[in-house]
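These are the residues of each chain, in order.
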Amino acid sequence: MAVCPDFSIPAPFFYVNTFYDILYQSEDAKRIFGEHANFFSLIDVESRRKFQRLAERRFEPQKFELLLNTVQSPAMLFDIHLKWNRDNHCSILCIEQSQRYQQITEVLTRFTQRLGMTNYDLLRRKEELERLLANLQQSNAQNDRLVELGRIAASIAHEIRNPLTSIRGLVQLLAPNLTSSAKLSYIDIIISEINRVNSIITEFLKTAKPAPPLKEAIPVTDLFAELELLCHSESLLQGIELVILPVDPSLMIYADRLQMKQVLLNMLHNAMEAISDLPNSRTGMIQFEAERFGRYVQIRIEDNGVGMDEQTRTHLFSPFFTTKNSGTGLGLSTCYHIVELHGGTIDVESTPGHGTVFRIYLPTVDKKPELS
Amino acid sequence: MNATHNNRFFQASLDLTDSIRMKIIQFAHILLSGDERKSWEFIEQQLVNGIHSTEIFCTYIPLAMTYIGELWIENAISVVDEHIASCVCDYLIMRYQAQYITPPDQQNCQAVVACVDGDPHELGAKLAVLLLNRHGLQTHYLGVHCPLHHFLAFISKWRPSIVALSVTQSHHLKKVQDYLEALQGLPYQPEIIVGGRLIHHLSYTSSKGAPNKQRLFFMQNLHELAGWLEQDYLPIKPE
Numbered sequence: 001m002a003v004c005p006d007f008s009i010p011a012p013f014f015y016v017n018t019f020y021d022i023l024y025q026s027e028d029a030k031r032i033f034g035e036h037a038n039f040f041s042l043i044d045v046e047s048r049r050k051f052q053r054l055a056e057r058r059f060e061p062q063k064f065e066l067l068l069n070t071v072q073s074p075a076m077l078f079d080i081h082l083k084w085n086r087d088n089h090c091s092i093l094c095i096e097q098s099q100r101y102q103q104i105t106e107v108l109t110r111f112t113q114r115l116g117m118t119n120y121d122l123l124r125r126k127e128e129l130e131r132l133l134a135n136l137q138q139s140n141a142q143n144d145r146l147v148e149l150g151r152i153a154a155s156i157a158h159e160i161r162n163p164l165t166s167i168r169g170l171v172q173l174l175a176p177n178l179t180s181s182a183k184l185s186y187i188d189i190i191i192s193e194i195n196r197v198n199s200i201i202t203e204f205l206k207t208a209k210p211a212p213p214l215k216e217a218i219p220v221t222d223l224f225a226e227l228e229l230l231c232h233s234e235s236l237l238q239g240i241e242l243v244i245l246p247v248d249p250s251l252m253i254y255a256d257r258l259q260m261k262q263v264l265l266n267m268l269h270n271a272m273e274a275i276s277d278l279p280n281s282r283t284g285m286i287q288f289e290a291e292r293f294g295r296y297v298q299i300r301i302e303d304n305g306v307g308m309d310e311q312t313r314t315h316l317f318s319p320f321f322t323t324k325n326s327g328t329g330l331g332l333s334t335c336y337h338i339v340e341l342h343g344g345t346i347d348v349e350s351t352p353g354h355g356t357v358f359r360i361y362l363p364t365v366d367k368k369p370e371l372s
Numbered sequence: 001m002n003a004t005h006n007n008r009f010f011q012a013s014l015d016l017t018d019s020i021r022m023k024i025i026q027f028a029h030i031l032l033s034g035d036e037r038k039s040w041e042f043i044e045q046q047l048v049n050g051i052h053s054t055e056i057f058c059t060y061i062p063l064a065m066t067y068i069g070e071l072w073i074e075n076a077i078s079v080v081d082e083h084i085a086s087c088v089c090d091y092l093i094m095r096y097q098a099q100y101i102t103p104p105d106q107q108n109c110q111a112v113v114a115c116v117d118g119d120p121h122e123l124g125a126k127l128a129v130l131l132l133n134r135h136g137l138q139t140h141y142l143g144v145h146c147p148l149h150h151f152l153a154f155i156s157k158w159r160p161s162i163v164a165l166s167v168t169q170s171h172h173l174k175k176v177q178d179y180l181e182a183l184q185g186l187p188y189q190p191e192i193i194v195g196g197r198l199i200h201h202l203s204y205t206s207s208k209g210a211p212n213k214q215r216l217f218f219m220q221n222l223h224e225l226a227g228w229l230e231q232d233y234l235p236i237k238p239e
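Chains as they are written, first to last, in full-length UniProt numbering: chain A, 1 to 372; chain B, 1 to 239.
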């Protein structure tokens with residue numbers, strides 16, 4: 001004799017045999033599904049395969065979703081709770097999900113409305129910005145490392161200054177002994193270079209608060225002459241022809257000498273690198289020239305290196321933009337900043353494969369600099 | 001998942017290579033995660049890899065949803081998961097339309113698509129709209145819950161050359177009969193397409209004589225629609 005389960009359950013409940021013939025159904029079940037002889041006949045056609053799969057006889061209780069045809073409407077979603085007992089009979093409890101379903105439908109409707117209003121262009125731009133942000137965060141992490149290195153460098157720089165002072169003193173003492181050999185200009189260069197190193201170190205040590213440029217009237221010829229002295233040997237070594245065209249000696253700029261040198265040296269080094277990237281088909285050439293350009297002096301630096309494409313050209317002066325493996329991407333951005341502080345500007349023209357021209361514009365002075 | 005003869009995904013993907021089948025399963029799981037962006041990236045990646053967009057809309061998306069349906073049969077996921085995945089598909093379709101397809105001209109209507117009234121599944125219909133739009137046909141989608149008389153009124157007003165009807169649930173199949181008979185009463189003869197996976201269960205018998213058989217097409221999947229558009233469809237010449 002089968003153990004009779006509690007049939008007074010206030011929910012749609014079925015009691016079936018191994019063939020799913022309905023032995024008993026609760027009042028709620030009758031009301032919702034109508035009278036059926038077999039449980040299969042109230043399952044939606046599409047769901048029958050699922051029921052067959054999952055309802056096989058097991059002792060642990062089963063729970064799954066099923067579409068059932070009710071008196072009211074076909075294919076309603078129900079949670080099925082199913083349990084076989086030892087007499088090969090099965091209890092099936094069907095809980096309707098329609099309330100939950102209602103909520104889902106509402107959410108879906110809202111979602112669809114939102115989709116209709118989404119601006120896909122903005123979305124794409126947002127994704128690009130997020131990618132950029134990720135890149136920036138990465139370069140920020142690199143930056144942190146640079147800052148750490150900077151701290152170490154600062155303490156080294158401090159240590160370098162002391163021996164420099166002694167070298168400078170000794171070179172000055174040596175100077176009178178060299179007058180005969182006409183190498184006095186070398187001494188001047190050595191001392192001016194030591195002064196430059198000293199200033200760079202001083203500059204470096206107070207980078208946290210950069211000093212405003214110390215401006216004076218400088219003949220462009222002087223700048224070019226120092227540049228040639230500094231870089232002549234390096235360009236020879238690399239097999240690059242360095243051409244510095246003669247400049248009208250009265251052409252002067254009102255600028256900070258050290259910073260201008262920094263800018264020109266940076267430009268020169270970039271040009272050298274552009275040339276070294278060339279296949280060895282042509283001789284590298286870098287040409288410096290300067291001329292008056294209205295109220296400005298135009299300094300033109302031309303190389304016949306690899307040149308650059310549109311993409312590189314647009315980002316050229318952005319901080320952290322670099323095409324070199326070991327670059328920091330700060331060189332040209334610093335140059336631009338310096339020239340801007342001097343009331344000037346830089347522009348660039350380039351043809352990939354043929355070379356690049358940089359033009360630096362700086363305010364000129366007519367003989368007498370303003371005293372301010 | 002077991003590759004049994006009963007598994008619809010397995011049946012539908014029989015002529016695909018294993019690697020494409022794995023790709024589709026991977027895609028299905030991205031859809032289930034509800035991650036719109038990842039799903040879109042997947043689509044764009046396929047396009048970059050040279051997969052034709054027809055494959056995406058006729059194979060990848062429908063088969064991924066078939067796979068998801070099988071997961072429901074296996075009781076591995078609930079209906080809510082299925083809804084999440086189909087929402088993401090909606091998003092993908094809308095985004096593709098917005099990004100790659102010029103919106104149809106409101107003043108013109110060459111094709112109209114609707115779901116049989118009461119049928120809640122519209123993914124297939126939306127994919128059909130996308131295919132029609134991409135074919136350069138200005139297509140209007142009337143959505144789910146479009147009562148028959150509104151459907152007819154719209155068609156009479158715009159006289160589209162293609163009228164497509166989507167049906168996905170077996171208990172809605174018998175309604176198709178009403179739609180087809182009503183379409184016979186139209187003063188002109190559009191191409192009529194009835195689409196849906198279960199369409200082979202449909203036994204259409206017309207009481208008033210069938211509409212011109214030449215112009216009535218039953219299509220079981222979107223590949224059939226894409227192929228028909230490419231090869232057989234000839235636009236009606238304006239009178």
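To be clear, the hints were calculated from the coordinates, so they are not data collected in a lab. All of these numbers come straight from a predicted model, not from anything done at the bench. Take these hints with a grain of salt, some might be off.
As the list claims (entries may be wrong) - Below, a sample of chain B positions facing chain A; criterion: calculated Cβ distance under 7 Å:
1. Ile73
2. Asn75
3. Ser78
4. Val79
5. Cys87
6. Arg95
7. Ala98
8. Gln99
9. Ser170
Even glycine gets a Cβ: it sits at the ideal position worked out from N, Cα and C.
Which numbered hints turn out to be false for this structure? none
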